[in-house]
Amino acid sequence: MTPAKSEPPGVFARALSIRTSRHTELKDVTAEVEKVVRESGCAEGVCYLYVPHTTAGVLINEGADPAVARDIEATLDRLVPHAGAYLHAEGNADSHIKTALVGSSETVWIEGSALSLGRWQAIFFAEFDGPRTRELRVKVIFDRP
Amino acid sequence: MTPAKSEPPGVFARALSIRTSRHTELKDVTAEVEKVVRESGCAEGVCYLYVPHTTAGVLINEGADPAVARDIEATLDRLVPHAGAYLHAEGNADSHIKTALVGSSETVWIEGSALSLGRWQAIFFAEFDGPRTRELRVKVIFDRP
Amino acid sequence: MTPAKSEPPGVFARALSIRTSRHTELKDVTAEVEKVVRESGCAEGVCYLYVPHTTAGVLINEGADPAVARDIEATLDRLVPHAGAYLHAEGNADSHIKTALVGSSETVWIEGSALSLGRWQAIFFAEFDGPRTRELRVKVIFDRP
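Top line first, the protein sequences correspond to chains A, B and C. Position in the first sequence counted from 1, then plus 120, gives you the numbering used here. Position in the second sequence counted from 1, then plus 120, gives you the numbering used here. Position in the third sequence counted from 1, then plus 120, gives you the numbering used here.
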């Protein structure tokens, strides 16, 4: 977690460090994001998530059964295989393509001083070229500064 | 439509109830979202759309020719078949995966007291495990509170 | 670039004209978006990108090696071929479907009066039915109006 910067009232931003352990890995980071929201003191607002990498993204899906994340990983690996006739010579063209499909940002709301996720929803850091140490940026904008 | 809560000036949020009728169904909900924008009284602002489910999402595409939505549905069903070697045992792994590809949120702007959509654009609730009664959350943040 | 409209303090919006040259083309528009951010005078804020078309989107990925964009284009063309058993009779069903996968909006942050992109990240206008002249909308909301 980066140290607090000087921020205007109603804005709170942090960068989380995420350690991944597999090449393709959806890692549940809901608790880490929730911690930033609590630390922000925001009661109602919007929470922006941003991944500053080109071979990793962020998505929201079911966290209760870990098999769901495994199925998403396996399907992305099937649709965009690691080995293929790619032009990019660094051996991770598939990682870039998966990132383009999943996306680099998400927007969640804050209600009652907590992330307003659906009952089964969790936030996943979507690693497509791990294992690595990654960054997930979280920015909170208060509805009532 | 949920009743109005106490909101600060410049913020307006509602949850729409969406009834879907097929397993995979892109349902045009532009009119419902437009109604929330009108009710908000917002002239210029940002309109956030959020789906709190893990087997449904939201996307923007052509609404004029219904064949476009049918083609998107059919292609997603082809790329991520309902039946497959999935680990998730509830029979809807494909629904979760399609949701990961389409995404759970969208951001549209408000200009001149209306959604600032392109000429052919419509907002679709993307059902991937219907028929069900679903929720689409709409939040309006005014540019000038 | 559209002329400046009367905007409240802390809000700045422009529409960029983007000329594409191929049917499927990821075009790096980072410099154009960065120019809008500079023109806005915003030091810290949120930058919303929106594509008002139904056969083009926006995404963030690596800009350093042009092969990455070519690999993303080729994979999308492989997953969603131009020719296929589509219902939409205008010959560009694949363009609509690719747009649904990539998405119509992105959200980036502004820090230190510049786009807060990761080291290798670039913003790409994702053309799926070119060549055409297209529009990319950019809206900046200041953290401190």
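If you are wondering where the hints come from, they were derived from the structure by calculation, not from laboratory data. Treat the hints loosely; a few may be bogus.
[Claimed, not checked] Far from chain B, some chain C residues (derived; all Cβ distances over 12 Å):
| id | residue |
| --- | --- |
| 1 | P172 |
| 2 | S224 |
| 3 | G232 |
[Unchecked claim] If you anchor each label on the Cβ, the simulated ranges turn out as follows:
| id | chain 1 | residue 1 | chain 2 | residue 2 | range |
| --- | --- | --- | --- | --- | --- |
| 4 | B | G232 | A | G130 | 19 to 29 Å |
| 5 | A | A151 | C | K155 | 37 to 47 Å |
| 6 | C | E159 | A | A135 | 44 to 54 Å |
| 7 | A | R139 | B | A184 | 41 to 51 Å |
| 8 | A | T253 | B | G232 | 45 to 55 Å |
| 9 | B | E159 | C | E127 | 40 to 50 Å |
| 10 | C | R142 | A | D197 | 44 to 54 Å |
| 11 | B | G232 | C | A203 | 34 to 44 Å |
These numbers come from a predicted model, not from an experiment. Even glycine gets a Cβ: it sits at the ideal position worked out from N, Cα and C.
Hint by hint, where does the structure go against what was stated? Just the numbers, ascending. Violated hints (numbers, rising): 1, 2, 6, 9 and 10; every other hint is consistent with the structure.
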